[in-house]
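Number of protein chains: 2
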Amino acid sequence: MKNKTSAPVDDQSMPLGLKRVAIDTYRENVAYLHRECELYRAEGFQALAKIEVRANGKRVLASLNVVDDTSIVDCQQLGLSEEAFAKLGVAEGHAVSVSQAEPPSSIPALHRKIAGERLSREDFAAIVRDISELRYSKIELTAFVVACNQGELDREEVFYLSDAMSRVGRKLDWHEHPVVDKHCIGGIPGNRTSMLVVPIVAAHGMLCPKTSSRAITSPAGTADTMEVMANVELPFDELNQLVRRHRGCLAWGGTSELSPADDVLIAVERPLNIDSPGQMVASIISKKVAAGSTHLLLDIPVGPHAKVRTMPEARRLRKLFEFVATRMGLVIEVVITDGRQPIGQGIGPVLEARDVMRVLQNHPDAPNDLRQKSLRLAGRMLEFNPDIRGGDGFGIARDILDSGRALEKMHDIIQAQGARPFDPDNPPLAPLMFEVTAPESGVVTGIDNLRMARIARLAGAPKAQGAGVDMLARLGDRVERGQPLYRVYAAYRTEQTFALQATERGTGFTIGQADDIKPLNVEF
Amino acid sequence: MKNKTSAPVDDQSMPLGLKRVAIDTYRENVAYLHRECELYRAEGFQALAKIEVRANGKRVLASLNVVDDTSIVDCQQLGLSEEAFAKLGVAEGHAVSVSQAEPPSSIPALHRKIAGERLSREDFAAIVRDISELRYSKIELTAFVVACNQGELDREEVFYLSDAMSRVGRKLDWHEHPVVDKHCIGGIPGNRTSMLVVPIVAAHGMLCPKTSSRAITSPAGTADTMEVMANVELPFDELNQLVRRHRGCLAWGGTSELSPADDVLIAVERPLNIDSPGQMVASIISKKVAAGSTHLLLDIPVGPHAKVRTMPEARRLRKLFEFVATRMGLVIEVVITDGRQPIGQGIGPVLEARDVMRVLQNHPDAPNDLRQKSLRLAGRMLEFNPDIRGGDGFGIARDILDSGRALEKMHDIIQAQGARPFDPDNPPLAPLMFEVTAPESGVVTGIDNLRMARIARLAGAPKAQGAGVDMLARLGDRVERGQPLYRVYAAYRTEQTFALQATERGTGFTIGQADDIKPLNVEF
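Each protein sequence line maps, in turn, to chains G and R. Here the first sequence is numbered in the numbering used here, starting from 1 and rising by one per residue. Here the second sequence is numbered in the numbering used here, starting from 525 and rising by one per residue.
In short, the hints are calculated from the structure, not lab data. Bear in mind the structure is a predicted one, so any value in this text is a computation, not a measurement. Where is the CB? At the ideal position from N, CA and C, for every residue including glycine. It cannot be assumed that every hint is accurate.
[Said to hold, decoys possible] The following residues of chain R were derived to be distant from chain G, with all beta-carbon distances above 12 Å:
1. GLU757
2. SER927
3. ASP947
[Stated by the list, open to error] Chain G side only, calculated, beta carbon under 10 Å to chain R, not exhaustive:
4. SER71
5. ASP74
6. PHE144
7. PRO178
8. LEU234
Could you put the whole structure together from the sequences, leaning on the hints where they help?
Given below as structure tokens:
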């Protein structure tokens, strides 16, 4: 075939000078061009179109905002928002070239997923690569998350997604065996077992490079709670050395470049409050594999107000974790635990940090449920060591905790990550407090995890570290009318009001007869 | 239950002065606060959080950008991007108050839809209200679109959605009967029958307040093509008077406030290229009902490269249209037409405007397929008049066209909407042209609508009005090797290159034997 081309016109666009525009657009790269800029007019860009900005062999993708004020950018300049400017990494005034960003090559695969098709390994690899390179718009990211959520990925697809996600980031290799980690799928407020399990296991000498996450929809993640006492955002190499020296850490994985696609996806999943089985498994397994773990203990709490509500559902999820982990070469042990109520006493970063430190200190007020669950989990992890007999783990874990060796290890880790002043006997709680009391006498027969988490979040947790809920009664406790069930701490008046209104709509507690409490047979 | 509240703290935030920030963020409202602004620090806002800005009893919702440059906003100011500033409608310097935007009340319903549940009439009403009031973020909008797309709304749900969408905008009542309209579901390039049907029907005296749309994923919508010759963005009241006087119009519905939710949804559907049956039906029916139409002729083209590929699929879609329209009290007639190739000769606003005017002028080069299809559609519409015998419509329509009365009516409408200079004998085509020729001799046995549309879009249509594709051969034509199949017009070199590359990957034409052409039995 022959193509005749008439009247070619040369692109004679002048290079633009880079300007740093002091606007913080969060994760969204924004570029600013003046409306009268020759390039803007010639290229026929549209506001919010995605453009590619290049300088010095580097490039960033950004959404375009069109400016009519030369004090922001003039016609010879291209402006970049703070984070985009930092990413491009060249000085102000440097020449930059700009073009329409090509649509990501994986978009046809995205469309097939939206239409409900099954995707191939190559499709997932292409999508995850584009996502990790920030080539997807928010709209495309959301479409991917919702399409995967609704159609339910099959287990092969979850493996493809996990595998692709583990490959796009940096990957750690500890050059030893076993490298152990534990993870809980979440949903249970106050469940800070990692902060006890890691010091115990590391004190025993096992390598446990725990990646921790921040809260997505909960009032605190392990990283948020640890941050009360220590720095959790460490440079990659520093974290690496730290783990080798101390056998463990409690630091946030998000900045550690381990799973960049997961980080991007979470920015969409968070506001949508979406957490489908496939995405959950891919997110967790990909990060553990990238972190170089060889063994993983996974905790699935079950309860009427937990993420997983029934044993059959928990068993299905366990099988999905087992399938994907095994395909990825990760040894996994899944435990199904009692998720009928919050674990520990406090909900919120400071309150949970207090509980954790009290358990480590063998303090008389330490919450026993948190202690017991942590010891059982640590025991199971210790048994990943082939030299420890099945059933012996719990006793070893308890010795390490009771002897103060776990506390000592925690102090080492805190120091290594960068200690922040924190006194568990005098925790810096948020200043505005109110109590919620029992409306009638009886036995506590149910505690709604979701509602307790919501109250703590409305009160300001995790952003206000000292905000949250301090539980004063637990499942099976006998309470008298007017007796406080829990205290709510808030940092700001508006947040206090929101939390108060939420408790007025429902306390989260059910009071009834002792035999109303449904038994739960967990596999742990 | 009693709640004790300790240490209330009063909010003593200073009012901020409004500043117009000369940044065009397209449909996305953006607010700018300085990082050192007391309010920003006190409220603990996050960048990209949604905030509500109020002044004078009005309010806008906006995403927050945090600024570190006092020349953009200082600590006593709140900045708003251009469109948001216009929407709030108060002067610079006016005091504004700002708060965290509450999440839209329909979000729980959205989550149920994401999880695959069926929604109630009230759910759809709440969602559509929130969408039309711009309370949904892009992420939430996308989630709604994808969730409705994947699960496939059932027909009751499509009715609920259509009904809700028709209620949130302004609604026209013409106080006469019948009020007729026609609509094509799209997918066939060049298919500009509305621009012929409306003048014919209006010339006959029927009231035909045609709402037209801009291209979403196609190289031109009726509004884009009409815009070559006339203004299509008319104020609501002006459009209203115009239709009463001239019995018809060809103006864009988007700015006419008829279906504000549809406008918002399209901003998400467009980049995702999503067009599910349910959303299509709701979008079309809601707009027609809001526009006060009592009768609708709906065109579903079928072909291997049309939106609808098979007759069974077309019949299913017809039944959905019929069900929803009837529930909404709209008389509907659905025709299933031949969609195996583009209609008319040109693809792109200027080229299509040329074709339309040639048909109206009874020009010897007028494309006959466009003429014939338009006459048949107009005939069916005329038969909505109970006084016209079934089968007589076509003849009446042909008389109106042949006599020049349709052309005269078109001129009236163009003048009334605001004429733009356009000479169909000398159309302002884009300057860069190339031809695509037949690679071998034979008969044209297939033309890929999608590919032709894509080539025209890559060449710049509809943004560059003169860009597009001019077809020189049609289905069943005998062509010799080297004979031009079509011409491509582009306005810019880069766009020409994109279009050229696309034709090199595939011309969109299949050349073979005459009996390779599959027959198609349409219902028309």
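Could you work out which earlier hints the structure fails to respect and list their numbers in ascending sequence? Failing hints, ascending: 5, 7, 8.
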